[in-house]
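2 protein chains.
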Amino acid sequence: HPFFNNQLWQGVDAVGLAGLYLAHSLKTSIYTYEVAPVFLLVENAVLQKIQDLCGFTEGDGIFCPGGSMSNMYAINLARYQINPEVKTRGVRGYQQSIIFASDVSHYSAIKGASFMGIGSDNIEKVKSDDRGRMIPDELEKAIVSTKAKGDSPLIVIATSGTTVQGAYDPLDKIADVCEKHGVWLHVDGAWGGSVLLSRQHKYKMKGVHRADSFSWCLHKMMGVPIQCSVLVLNKKGDLLKRCHGVSASYLFQSDKFYGAGYDTGDKSLQCSRLADAFKAWFMWKAKGDLLLEREIDHKFDLAKQCADMLRNREGFRLLWEPECTNVCFWYIPPSLRNLPDGPELFDKLHKFAPLLKQEMMTSGVLMMAYQPVKDKVNFWQMIFSNSEFTHQHLVKMIDLFERLAQEIEI
Amino acid sequence: HPFFNNQLWQGVDAVGLAGLYLAHSLKTSIYTYEVAPVFLLVENAVLQKIQDLCGFTEGDGIFCPGGSMSNMYAINLARYQINPEVKTRGVRGYQQSIIFASDVSHYSAIKGASFMGIGSDNIEKVKSDDRGRMIPDELEKAIVSTKAKGDSPLIVIATSGTTVQGAYDPLDKIADVCEKHGVWLHVDGAWGGSVLLSRQHKYKMKGVHRADSFSWCLHKMMGVPIQCSVLVLNKKGDLLKRCHGVSASYLFQSDKFYGAGYDTGDKSLQCSRLADAFKAWFMWKAKGDLLLEREIDHKFDLAKQCADMLRNREGFRLLWEPECTNVCFWYIPPSLRNLPDGPELFDKLHKFAPLLKQEMMTSGVLMMAYQPVKDKVNFWQMIFSNSEFTHQHLVKMIDLFERLAQEIEI
Numbered sequence: 001h002p003f004f005n006n007q008l009w010q011g012v013d014a015v016g017l018a019g020l021y022l023a024h025s026l027k028t029s030i031y032t033y034e035v036a037p038v039f040l041l042v043e044n045a046v047l048q049k050i051q052d053l054c055g056f057t058e059g060d061g062i063f064c065p066g067g068s069m070s071n072m073y074a075i076n077l078a079r080y081q082i083n084p085e086v087k088t089r090g091v092r093g094y095q096q097s098i099i100f101a102s103d104v105s106h107y108s109a110i111k112g113a114s115f116m117g118i119g120s121d122n123i124e125k126v127k128s129d130d131r132g133r134m135i136p137d138e139l140e141k142a143i144v145s146t147k148a149k150g151d152s153p154l155i156v157i158a159t160s161g162t163t164v165q166g167a168y169d170p171l172d173k174i175a176d177v178c179e180k181h182g183v184w185l186h187v188d189g190a191w192g193g194s195v196l197l198s199r200q201h202k203y204k205m206k207g208v209h210r211a212d213s214f215s216w217c218l219h220k221m222m223g224v225p226i227q228c229s230v231l232v233l234n235k236k237g238d239l240l241k242r243c244h245g246v247s248a249s250y251l252f253q254s255d256k257f258y259g260a261g262y263d264t265g266d267k268s269l270q271c272s273r274l275a276d277a278f279k280a281w282f283m284w285k286a287k288g289d290l291l292l293e294r295e296i297d298h299k300f301d302l303a304k305q306c307a308d309m310l311r312n313r314e315g316f317r318l319l320w321e322p323e324c325t326n327v328c329f330w331y332i333p334p335s336l337r338n339l340p341d342g343p344e345l346f347d348k349l350h351k352f353a354p355l356l357k358q359e360m361m362t363s364g365v366l367m368m369a370y371q372p373v374k375d376k377v378n379f380w381q382m383i384f385s386n387s388e389f390t391h392q393h394l395v396k397m398i399d400l401f402e403r404l405a406q407e408i409e410i
Numbered sequence: 001h002p003f004f005n006n007q008l009w010q011g012v013d014a015v016g017l018a019g020l021y022l023a024h025s026l027k028t029s030i031y032t033y034e035v036a037p038v039f040l041l042v043e044n045a046v047l048q049k050i051q052d053l054c055g056f057t058e059g060d061g062i063f064c065p066g067g068s069m070s071n072m073y074a075i076n077l078a079r080y081q082i083n084p085e086v087k088t089r090g091v092r093g094y095q096q097s098i099i100f101a102s103d104v105s106h107y108s109a110i111k112g113a114s115f116m117g118i119g120s121d122n123i124e125k126v127k128s129d130d131r132g133r134m135i136p137d138e139l140e141k142a143i144v145s146t147k148a149k150g151d152s153p154l155i156v157i158a159t160s161g162t163t164v165q166g167a168y169d170p171l172d173k174i175a176d177v178c179e180k181h182g183v184w185l186h187v188d189g190a191w192g193g194s195v196l197l198s199r200q201h202k203y204k205m206k207g208v209h210r211a212d213s214f215s216w217c218l219h220k221m222m223g224v225p226i227q228c229s230v231l232v233l234n235k236k237g238d239l240l241k242r243c244h245g246v247s248a249s250y251l252f253q254s255d256k257f258y259g260a261g262y263d264t265g266d267k268s269l270q271c272s273r274l275a276d277a278f279k280a281w282f283m284w285k286a287k288g289d290l291l292l293e294r295e296i297d298h299k300f301d302l303a304k305q306c307a308d309m310l311r312n313r314e315g316f317r318l319l320w321e322p323e324c325t326n327v328c329f330w331y332i333p334p335s336l337r338n339l340p341d342g343p344e345l346f347d348k349l350h351k352f353a354p355l356l357k358q359e360m361m362t363s364g365v366l367m368m369a370y371q372p373v374k375d376k377v378n379f380w381q382m383i384f385s386n387s388e389f390t391h392q393h394l395v396k397m398i399d400l401f402e403r404l405a406q407e408i409e410i
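Top to bottom, those sequences are chains A and B.
Oh and the first sequence: position 199 is 199 in UniProt numbering, straight run, nothing missing.
Oh and the second sequence: position 106 is 106 in UniProt numbering, straight run, nothing missing.
By construction, these hints were calculated from the structure, which means they are not laboratory data.
Treat each hint with caution, since some may be false.
Identical copies look the same in the list; a pair holds intra-copy or inter-copy alike.
[Stated by the list, open to error] EDC-like, lysine to aspartate or glutamate: derived pairs with alpha carbons at most 20 Å apart:
(1) LYS376 - ASP151
(2) LYS348 - GLU359
(3) LYS127 - ASP103
(4) LYS180 - ASP52
(5) LYS241 - ASP121
(6) LYS147 - ASP176
(7) LYS351 - GLU409
(8) LYS125 - GLU409
One chain only, chain A, in its complex shape:
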């Protein structure tokens, strides 16, 4: 449905879906070369391509079941690099590890910290500016104060495209801070990482080549069928295998004739693992770099068109100029338009959003997400990640939104 605009993924890409059918019809799991020789080589090719896009000269990588897991892998790798003994002995008896991420970063850092025995209290939420970009000076302050307390800075998670605002953290400046203090830099590009494909927009991720790791969900803006999430590393060597591997004797026999280096399953936390890479590879082969670039640029164009329209339309208030393809706005119903900015207006706007959402869901013609962020009460978010969405769709969708909104009394 073209007007499903609820989350970061929209539409169904026919080419990607064909790739999915192929991969799944063969029902394979890609832990070893013997069970999935072709898929395994395809996975390597896609990982190499992504490393190239990042400018990682020597690297490694793995596909994960979702962006959350990719980020957790990065945390685990950073921990293992500082102290490999944690793998066998656990974190007790070692320094407390601290994770740094912006105050609008994805919640997977929190889930990960809890799951991995670090504890969610041990995340330093670095202040972001009003656009949602991490402030490098605040990061440095937080690292210095962590060290002063005797704790160990574990990893900095920078975000390229935050979930709600679509903000890009300034990677180059953050990399300076990480370099100075010797801290692992992970770039969470789950949502916005697709700009790496666009000559026009990739400047937003300037400095990514200095990161230690990068995660990206190709099932979001790229339109690959869910799931297709990758983690790539900017390091040669077998860190992934050493960190995650347990060399199960029934899968990863060292006496195989083809050399155990081809078996990548031990790099993963999972055992049965889908051939997600094939879907991306199939789309890449079918569409080519140029068409994929054009699709990404098209989505950014739509976001710009949408922002331009809303800026000049009565009753709509654009919250920020979009950096990614998220367009965030308030809709102020006619009855509230004479109210000045203040608690009364914001209280009513906050309550208006769930009512309108209910109208959307019950009418079934349009889906859009609302949420509060920091001091901003419930606002709406148009997101562009469907390559078949057109300017005509956009105009119709805003009209539809307004019509539904007008049916609600507040």
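Keeping the supplied structure of chain A fixed, place chain B upon it in accordance with the hints.
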């Protein structure tokens, strides 16, 4: 390919594949009721069905990306139940947690212990008997000695169907021990849990209703397309949500009109999550309980036929009577048949296996797995999990195996 017999999953189930096409063509992710209302209700129905099979009177559950993750979830839930503060404060400063599992249990406990900050050294590998079944007295000894050391017994992971031997741990006796010592009992039925569908074989899991949690991969013996792994809990209440939840404001708004109880995404570590439950539901609806039972029984019959054939066939030596559908055996080439049991024979058998595997892979007509376990050198494993595999296939496969084996000089 009927003779792909390399791992725990074989063949492609047409009904399951159709379910997969349907679920994936809609490209949805089931974190909230608003984005996947039907799939979410289907997931609940399948979880309820599995709780009923286990005899869990009040329960909860979630689908996970693979059996390894299901087991890790169980570990995290047990930890959270003992001490909810670990979620926010991390494991430092608390007692060392110890995981108990048999010495032939699945490696996911090791991966999980490392990833979750517990440390793989803190797994007590409880001795199993020569069939691979955990010895309850040994478990009790291990728990007592853990307590004496001042450490905290965290969880007992019993296995219903070990990966290689297909052994079923004696759940009732293990439950006695767990009850006595107040330790969480998790049953890892990833492979052998399918006997719950069979009136003839479910006695192997007697006592499962006393477990705190149970994990099962429906993509293994049940034949659902990969992946389809479930964790169910024998507890009412919102333990999963409290343990894993972070209430992201952009997804799980508390002001939704339909009540946030329908949104299950926060029970998971993942964000984007596939509608895996639908594949199982679709097969269940299409085939019904009886046909599924017949398929499971058929696989067990095949294993019995296979064991009977090998027991009487020259050059083959059955290692154990099969408890599950894994048939483990040595093949002794003609040139070695006059050797007595001893280092020379075993050394040669151990080296023979990878040579034969190479022959299988390069000829492309047959795939079978070999591995060593404890004191047994490399042996072969026939596994039955393809419902379209017949007695005729079996005969042909053993002949083929022998023919390939005879081409190898040792």
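A quick look at each hint next to the structure:
no.	hint	in the structure
1	LYS376 - ASP151	neither (33 Å within a copy, 47 Å between copies)
2	LYS348 - GLU359	within (17 Å within a copy, 73 Å between copies)
3	LYS127 - ASP103	within (6 Å within a copy, 48 Å between copies)
4	LYS180 - ASP52	neither (25 Å within a copy, 57 Å between copies)
5	LYS241 - ASP121	between (29 Å within a copy, 18 Å between copies)
6	LYS147 - ASP176	within (17 Å within a copy, 48 Å between copies)
7	LYS351 - GLU409	within (11 Å within a copy, 79 Å between copies)
8	LYS125 - GLU409	neither (39 Å within a copy, 64 Å between copies)
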